[in-house]
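A.B. asks: As a plain string of letters, each chain reads:
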Amino acid sequence: MTAPGGRAARVLGLMDPVDPSAQDAIARAFQLFLLFHVAVRTLLWAERGDDWLVARWLLAVVLAACAVVAWRDPARARAAAALAWAVLTIKLVASFPGTSNHFFIEYLCVGLLVLCDPRDAGERTLLLAAARWLTVIVFFSSGLQKVLHGTYFDAQFLGFSISSKPSFAALFGWMVPAAEMERLLALRAVGPGAGPYAIQAPLAVMVSNATYLFELLAPAFLVLRRTRHAAALVTLAFVVAIEAGARELMFGALFVNLVLLFLDRPCNRTLLPLWAALFAVLIAVRIGLLPEFFFN
Amino acid sequence: MPLAAKQRLVVAALVVLAAWPLAHRALVARYGLDPWRFFGWAMYCTPKLPVRVALRERRAGAVSEIALRDLPRPARRAASRLKKGRALWGTLASPAGLAAALGASRPDAEGFEIVVERWFLDPATAHIGTRRDVYEYPVQ
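In the order they appear, the protein sequences are chains A and B.
Residues 1017 to 1312 (the numbering used here) make up the first sequence, in order.
Residues 434 to 573 (the numbering used here) make up the second sequence, in order.
These are calculated hints, taken from the structure and not from any lab test.
Cβ atoms here follow ideal geometry from the backbone N, Cα and C, with glycine treated the same way.
Treat the hints loosely; a few may be bogus.
As the list claims (entries may be wrong) - Under 10 Å between C-beta atoms, here's a sample of chain B residues computed to sit facing chain A:
1) Ala437
2) Leu447
3) Tyr477
4) Pro483
5) Lys517
6) Pro556
As the list claims (entries may be wrong) - Only pairs whose alpha carbons sit at most 20 Å apart, straight line, appear in this in silico DMTMM-like list of lysine to aspartate or glutamate:
7) Lys517(B) / Glu550(B)
8) Lys481(B) / Glu1259(A)
9) Lys516(B) / Asp566(B)
10) Lys516(B) / Asp541(B)
11) Lys1181(A) / Glu1196(A)
12) Lys481(B) / Glu1264(A)
13) Lys517(B) / Asp1066(A)
14) Lys516(B) / Glu550(B)
15) Lys1181(A) / Glu1259(A)
16) Lys517(B) / Asp541(B)
17) Lys517(B) / Asp1067(A)
18) Lys516(B) / Glu498(B)
19) Lys481(B) / Asp566(B)
20) Lys1181(A) / Asp555(B)
21) Lys516(B) / Glu569(B)
To be verified - Covered stretches of chain B, going by a simulated chain A footprint (3 or more residues, C-beta under 8 Å):
22) 469-476
23) 564-572
Looking at chain B on its own, in the form it has when it is part of the complex (with noise of 0.2 Å):
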């Protein structure tokens, strides 16, 4: 390769290199990406904070918590991938295997519900504050 296309390259390469915090950003206000991976150069922005994932069944009208000790492995499995997907992929990181995997271990269940909770250093507020998102899963 000439040494002019290589030059091109490279700064293309710079170009997205330079551009792509911006676009990181954006996913993770969006979506809550993990900001310390994906290569948008933002750790040390915010702490590495926990996921919770709850887990309820309703049965005969009544919701009832699901204790994950209670969970056959696979459900187990499919919970731990959960928590670790929202770590790393936010809301991209679909609940609909742990809802399969709780709809085969229970199928007595007429429903499901899978909150998942994060924790997060509220700049404005300077607490630490929480998102939960509400997966209601009917058993059909």
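The shape of chain A in the complex, shown without the other chains (with noise of 0.2 Å):
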């Protein structure tokens, strides 16, 4: 349980598992996850640039060796994990303002790892709460924006985005009829005044609010202890089908580590394999072993 006392431990406290039995092995699994997934991400990001060539494959090379010291020896994932840490830090510093969104949740997280030991109870416990927080504070956020926006009530975004991605028409198009769809195909050439990009079929307009009243209300559900369980279940299934839609593999792969890590049984461990293959597999495409196919 998280250290007794205190606004901030009772904060904490609300992200507490029922069952705290494999909180070890939890967290040692997401330490596991996001140390090779910044390595892998690195990588891809060299693979791909075209300036600062050998700083970008020297950084891909010390995360991957950070990566492969905290899998072989535990005692020092700390150590490998303050290095990673670094490295990310020099990242942020030569890529802002351009700065990924993405980017910042794996360098918060990479923070938590060097911040707290994960093989002491207190300090794992804090860890993997702040984990948790900072999961729905990101959803919650992301609904949010949505609002503020004003894109989503009439299918606004949806609209201009099945005009403009022909992979946004093919996950989406069946929620529109055939004659709106011609409609938005018509609008692709952008231009002022182009438009309007507001569906009128129900579906799409249900889909369109259900999306962002998602992102608001399953917060509270995961924080909730009583329908913890549940809500992650749906809210993995939510991130799987967006993700995957929008072919956005890497961060859906690290979404569905953070959701996961509200299940009190250490799922994320079981699906470690998994994500090694899917690495190996991105970094096949990458280099051209197998069939390119666009992701981000």
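Using the hints, build the complex out of the two chains.
C.D. replies: Listed below in structure tokens is the structure:
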């Protein structure tokens, strides 16, 4: 359990598991996934770079070494995480302000691995509680931003995406009648005054509004212990559907692993070989060993 | 660092993380910052649309367009930097650097006009709207 006393401890304690018996295994699997994830992401970033190639590859190699050290020598895992975090800091400074939001989640999570010693029960609990809070805050904020930008009420953003991206049209076109699809596709040449991108089809409007509603409401159910496991499973399905559709495989893998932290069983450890296979496939695609397909 | 101190640090960071998206939204609305950046979790809220930069000069009282291809490399680079800067930082990206590069490349001009046009998906009308900012730089 989180250390007693103090408002901070009480807030963090809201994320304590119902059954803490597997938290050691969950924390260790999260640590390994994260370090290999950032190593693979940096490898892919180095591979597609066109400047500072030596520096990029050096950062990728160091991160890969950190992941391997953490895997082979758990006693040195926190030191490896510290070096990885230093490397990520260099990447953050070098990429700002073009840094992706995905990277920032990685950066904060690796920072937690440095701050907290997963071998200590109290710090392990802090690590996992912080990662769970980070997940619900990001999820809720994503829904809130959709409301504040106002582009989901009439499925305007979805309409624009269907109009301008064949992958979106293929994924979401079934929600839109043929005549309206034709209208949206005719708006493909974007220019001032083009539109309207709002969709009339009720199903598409419903799905568009359901997206931000889910992002706003799911966090509450993830916090409440009574509903946490069910909410985690539903959230997993939601994240997998969206990220697979958007082909954001790396961000999808990261967010799935964050949501898995809400389960009391070490499902994230069970799935580690799956991520290893996915990373190997993505690397093989990028270096031409497997047929090319687009992914983020 | 004791556990209690780490807990306080983490909660403080989480509070900032939770509050920042509201500030992010305000900065996007006020200055036109790129909503996909700066860790506001506003990806997939608005489409990524172009920023256009148009240049004009005044000579002998007449205003004429300047084609980018007619500019020397330093001025073309400055124009490119302004486009990228505007896409990220919105109106916080100043065109002063481009104006200086234009002045250096065309010393006979009486003045320059830099027009920055940004497209956006207007949620109210569901059409593509434009925001135009016009900057005048008379040559002293």
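A.B. asks: If a hint holds in the structure, say so; if it doesn't, say that too.
C.D. replies: Hints, verified against the model:
no.: 1; hint: Ala437; verdict: 6 Å, holds
no.: 2; hint: Leu447; verdict: 5 Å, holds
no.: 3; hint: Tyr477; verdict: 7 Å, holds
no.: 4; hint: Pro483; verdict: 8 Å, holds
no.: 5; hint: Lys517; verdict: 9 Å, holds
no.: 6; hint: Pro556; verdict: 4 Å, holds
no.: 7; hint: Lys517(B) / Glu550(B); verdict: 13 Å, holds
no.: 8; hint: Lys481(B) / Glu1259(A); verdict: 19 Å, holds
no.: 9; hint: Lys516(B) / Asp566(B); verdict: 13 Å, holds
no.: 10; hint: Lys516(B) / Asp541(B); verdict: 25 Å, violated
no.: 11; hint: Lys1181(A) / Glu1196(A); verdict: 16 Å, holds
no.: 12; hint: Lys481(B) / Glu1264(A); verdict: 17 Å, holds
no.: 13; hint: Lys517(B) / Asp1066(A); verdict: 18 Å, holds
no.: 14; hint: Lys516(B) / Glu550(B); verdict: 10 Å, holds
no.: 15; hint: Lys1181(A) / Glu1259(A); verdict: 15 Å, holds
no.: 16; hint: Lys517(B) / Asp541(B); verdict: 28 Å, violated
no.: 17; hint: Lys517(B) / Asp1067(A); verdict: 18 Å, holds
no.: 18; hint: Lys516(B) / Glu498(B); verdict: 17 Å, holds
no.: 19; hint: Lys481(B) / Asp566(B); verdict: 19 Å, holds
no.: 20; hint: Lys1181(A) / Asp555(B); verdict: 19 Å, holds
no.: 21; hint: Lys516(B) / Glu569(B); verdict: 17 Å, holds
no.: 22; hint: 469-476; verdict: holds (count 8)
no.: 23; hint: 564-572; verdict: violated (count 0)
In this structure, the earlier hints numbered 10, 16 and 23 are contradicted, and the remaining ones agree with it.
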